[in-house]
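J.: These are the residues of each chain, in order.
Number of protein chains: 2
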Amino acid sequence: MKVRIEKNRLARYLSLLQTVTERKTLPYLSHILLKAIDGKIYMAATDLDIALEVQDDVEVIDEGAMTAPARRLLDVVKEFPEEEIEIKAKNGSFLCVTTGNANFELPSFDPEDFPLPPPSDDLEFQTCNRDVFRNALRKTSYAVPSVESPLGGPGLYWSFEGGNIHRFVGCELNRLASYMIVADELGMSQLPFNVMIPQKGVKELLKFTDENEYIELCLTELGLYARSNKMRLWVKLLEDYFGFYDDLVLPKRSYGVNIPSQDFKRALKRMAIFTDQTWKYLKMHFEDNSLFLEAGNPEIGMGREKINVEYDLKPYIASFDLRYVMDAVGVIQGEWLRFEWDEEAPGGIFLDLEDEAYLALIMPLVVP
Amino acid sequence: MKVRIEKNRLARYLSLLQTVTERKTLPYLSHILLKAIDGKIYMAATDLDIALEVQDDVEVIDEGAMTAPARRLLDVVKEFPEEEIEIKAKNGSFLCVTTGNANFELPSFDPEDFPLPPPSDDLEFQTCNRDVFRNALRKTSYAVPSVESPLGGPGLYWSFEGGNIHRFVGCELNRLASYMIVADELGMSQLPFNVMIPQKGVKELLKFTDENEYIELCLTELGLYARSNKMRLWVKLLEDYFGFYDDLVLPKRSYGVNIPSQDFKRALKRMAIFTDQTWKYLKMHFEDNSLFLEAGNPEIGMGREKINVEYDLKPYIASFDLRYVMDAVGVIQGEWLRFEWDEEAPGGIFLDLEDEAYLALIMPLVVP
Numbered sequence: 001m002k003v004r005i006e007k008n009r010l011a012r013y014l015s016l017l018q019t020v021t022e023r024k025t026l027p028y029l030s031h032i033l034l035k036a037i038d039g040k041i042y043m044a045a046t047d048l049d050i051a052l053e054v055q056d057d058v059e060v061i062d063e064g065a066m067t068a069p070a071r072r073l074l075d076v077v078k079e080f081p082e083e084e085i086e087i088k089a090k091n092g093s094f095l096c097v098t099t100g101n102a103n104f105e106l107p108s109f110d111p112e113d114f115p116l117p118p119p120s121d122d123l124e125f126q127t128c129n130r131d132v133f134r135n136a137l138r139k140t141s142y143a144v145p146s147v148e149s150p151l152g153g154p155g156l157y158w159s160f161e162g163g164n165i166h167r168f169v170g171c172e173l174n175r176l177a178s179y180m181i182v183a184d185e186l187g188m189s190q191l192p193f194n195v196m197i198p199q200k201g202v203k204e205l206l207k208f209t210d211e212n213e214y215i216e217l218c219l220t221e222l223g224l225y226a227r228s229n230k231m232r233l234w235v236k237l238l239e240d241y242f243g244f245y246d247d248l249v250l251p252k253r254s255y256g257v258n259i260p261s262q263d264f265k266r267a268l269k270r271m272a273i274f275t276d277q278t279w280k281y282l283k284m285h286f287e288d289n290s291l292f293l294e295a296g297n298p299e300i301g302m303g304r305e306k307i308n309v310e311y312d313l314k315p316y317i318a319s320f321d322l323r324y325v326m327d328a329v330g331v332i333q334g335e336w337l338r339f340e341w342d343e344e345a346p347g348g349i350f351l352d353l354e355d356e357a358y359l360a361l362i363m364p365l366v367v368p
Numbered sequence: 001m002k003v004r005i006e007k008n009r010l011a012r013y014l015s016l017l018q019t020v021t022e023r024k025t026l027p028y029l030s031h032i033l034l035k036a037i038d039g040k041i042y043m044a045a046t047d048l049d050i051a052l053e054v055q056d057d058v059e060v061i062d063e064g065a066m067t068a069p070a071r072r073l074l075d076v077v078k079e080f081p082e083e084e085i086e087i088k089a090k091n092g093s094f095l096c097v098t099t100g101n102a103n104f105e106l107p108s109f110d111p112e113d114f115p116l117p118p119p120s121d122d123l124e125f126q127t128c129n130r131d132v133f134r135n136a137l138r139k140t141s142y143a144v145p146s147v148e149s150p151l152g153g154p155g156l157y158w159s160f161e162g163g164n165i166h167r168f169v170g171c172e173l174n175r176l177a178s179y180m181i182v183a184d185e186l187g188m189s190q191l192p193f194n195v196m197i198p199q200k201g202v203k204e205l206l207k208f209t210d211e212n213e214y215i216e217l218c219l220t221e222l223g224l225y226a227r228s229n230k231m232r233l234w235v236k237l238l239e240d241y242f243g244f245y246d247d248l249v250l251p252k253r254s255y256g257v258n259i260p261s262q263d264f265k266r267a268l269k270r271m272a273i274f275t276d277q278t279w280k281y282l283k284m285h286f287e288d289n290s291l292f293l294e295a296g297n298p299e300i301g302m303g304r305e306k307i308n309v310e311y312d313l314k315p316y317i318a319s320f321d322l323r324y325v326m327d328a329v330g331v332i333q334g335e336w337l338r339f340e341w342d343e344e345a346p347g348g349i350f351l352d353l354e355d356e357a358y359l360a361l362i363m364p365l366v367v368p
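Chains as they are written, first to last, in this note's numbering: chain A, 1 to 368; chain B, 1 to 368.
The hints are simulated quantities; they were obtained by calculation from the structure and are not laboratory data.
C-beta: ideal position from N, C-alpha, C; glycine also.
Hints may be right or wrong, so weigh each one.
Stated by the list, open to error - Computed footprint of chain B on chain A; a stretch qualifies when at least three of its residues, placed anywhere within it, have a C-beta under 8 Å from a C-beta of chain B:
| no. | region |
| --- | --- |
| 1 | 76-84 |
| 2 | 100-107 |
| 3 | 269-282 |
| 4 | 302-308 |
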């Protein structure tokens, strides 16, 4: 194997592949596969649950395949003194990156042993609206727990409901983020089944949507497949947990206040100074056309702020985990956000006034 | 106490004070002292071994003194929504930072309990050349160990020798960095005694030289004092250990090679890719007007580079800890550096061809 490729292009691909690799268990999972064939380079990384494949045109001098430790190859490429890089095999057991004065050799496994994802060539893919899909992932992934919670698995729940609604839900014990979008807007018809995408898979999917403007998706029992012109991603799915999200989300909230997003976010950042690992409270108090925020205790210090809002009904006071509030409003980009509540309904709800698909529910803490 | 001060000026002072504080032992060591008097604010931080004091003109509305947790006050000030900040005492037990819509209260100890450094008003200070002093600290501090080594205490050794030489030495088991400068250039006459400055004190002194163009120093049995227009630093000194540095440094090295600094530093960065926590070797091999560099092993991968130099005498091969070499040459700013060695003398020596005062000695490792 011997190919020539520009440094920056190779570095970009390796950065993407590198996050998929797994360095703690089997040594060859920290490697990527490189294959040169037909004027193209094909590269793949996997941790056995996720696989990312990249393919691009390069100058192929000799066809062949090798593996190399992803992190180290990326380091070599980033620090490489020339703009064009020549990569070649040496004795089948080393991958060499060479210039006139420098020679870098990285160990290679037998490329035949490299574990590949289940093939996707014969599958039927659906085009999906990249921006909408990315929004759905971005606005729900923050609430995906890293370990299983009583409410569901450590993954993002994606279901198809009522004949034309895609629902994405990230949920853990005290909070939930939901994104509901009609099939037409997502550009996808129904799902073959409801799915749970593991946390690392959600992160890789998000990066996939950052990298590619055009995306096709396919769901099979073997996993979720995403593909674009140059990249393919495979994510093994978790077992399908059904959560009773409607009980939490659907009850009508009679009270609601619009809040200027930027002022609120900046105030939260200051309130965060008055929290620590154990003391996490943010007190929200609506009264007299004001939102009063409070955090802290006499030992840490106290932060108090007032934001003008339109609300003159009966006072509402509740305390939330400040980090959860920051996460929930952090993904809201509109000028105004809305907070809603009701004595009869659980928790408080944050809405994005410029993106109706989004909803974040946070359960209150005992008021300190 | 009540003062008004611009946000950025206060934030800068708090950043400096904050690194001196100590958050792990006594709670009040994580606080700074603030005192408003005579149109000035006076602030101080200490960990009992180091004290930094800052004094500057501000609008004093009410005189008085308070303490406040340094880190948290800095966070409040940095995030503060206005450009001018009003700080005032509340009941003597809280320090308040306030605007129209926001109020932040931080706990205060009794300012009378705040530990102050030994007073320096009656001491005799010597002006010192800031740039030279900073260079001396910068080019030796990297070799100061954080714990005691068989060769000396965990500090920077500063001695006055031969009637007109100041010598700064950082030294641990396998390396030494030395800076020797005549008294006139440093702008200081003799020392009352040889001193050992602890590692944290060296760091604070370095920052002090970054902040102040004009510096005066004074050494007493109670410690090293540095002062400028607005700042004063006190550092308690370690017990004086004498090291037999001359045996290591003085022997003549018969062989030497000039090396282009930038090429060498960039090559070292690439070689570093082929080291890890246990495998630290850099092999340096001079022969045939070339410096051959090599790092790594078949498992990590191998990096090899060649740099053209003027040397055609008998081959020299030695291995060093790559991190030590990077530290030693990292502080060299000249276009060329020099490496010297001799069979009869210990280790290899790096010199800065544009700063004769500097010398770095590194002991070789067993060649793998």
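J.: Run through the hints listed earlier and report the numbers of any the structure violates, in increasing order.
T.: No numbers; nothing is violated.
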